[in-house]
Amino acid sequence: KFEKEAAELGKGSFKYAWVLDKLKAERERGITIDIALWKFETPKYYVTVIDAPGHRDFIKNMITGTSQADCAILIIAAGTGEFEAGISKDGQTREHALLAYTLGVKQLIVAINKMDTTKWSEERYQEIIKETSNFIKKVGYNPKT
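Position one of the sequence shown corresponds to residue 1 (UniProt numbering), numbered consecutively onward.
These aren't lab readings, by the way, just hints derived from the structure by calculation.
Backbone N, C-alpha and C fix where the C-beta goes; we use that ideal spot for every residue, glycine too.
Any given hint could turn out to be false.
[Stated by the list, open to error] Heads up, simulated DSS-like pairs for lysine-lysine below, C-alpha to C-alpha not over 25 Å straight-line:
#, residue 1, residue 2
1, Lys106, Lys44
2, Lys1, Lys89
3, Lys144, Lys39
4, Lys106, Lys119
5, Lys144, Lys106
6, Lys39, Lys89
7, Lys130, Lys89
8, Lys137, Lys119
9, Lys144, Lys130
10, Lys1, Lys44
11, Lys44, Lys89
12, Lys138, Lys60
13, Lys60, Lys1
14, Lys89, Lys106
15, Lys138, Lys119
16, Lys138, Lys106
[Unchecked claim] Computed beta-carbon distance windows for the label pairs:
#, residue 1, residue 2, range
17, Thr102, Tyr46, 20 to 30 Å
18, Lys1, Glu95, 12 to 22 Å
19, Lys44, Glu82, 31 to 41 Å
20, Glu127, Tyr46, 16 to 26 Å
21, Asp90, Lys1, 12 to 22 Å
22, Lys1, Lys89, 37 to 47 Å
23, Thr42, Lys119, 14 to 24 Å
24, Lys39, Leu103, 17 to 27 Å
Let the sequences and hints guide you as you build the complete structure.
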């Protein structure tokens, strides 16, 4: 369903984001604006996924979502220039990691996105791991765990 709707609007690559991005503006602009919740249970845990915006204009909403979390997934774009912008002094990736830690989120999972844009480069992957580990350690996280 989402794949078809996304393709009809010329946003085929956003099909997975549309699972939680319900607002018309989110789908048109291709960004998360408001937090969205998705709940499920495993035999051991009751899980609530909080999809929080990453865009600078909606940082207040990101803080609202993150402040409710026990664990966060920090998604890093591997694209040339995107990664560097994210971890720069005023970058969103750096700001999100710092805010998550400050808001009491002690568990951080780092996911590297858009590796296809690097042709799945092992060298780029290792570079991102090294740089990311260095900066999240400075924030207060232990990259080894």
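Margin query: Which constraints among the numbered hints does this structure fail? Numbers only, ascending.
Written below: 2, 3, 4, 6, 8, 10, 11, 13, 15, 18, 20, 21 and 23
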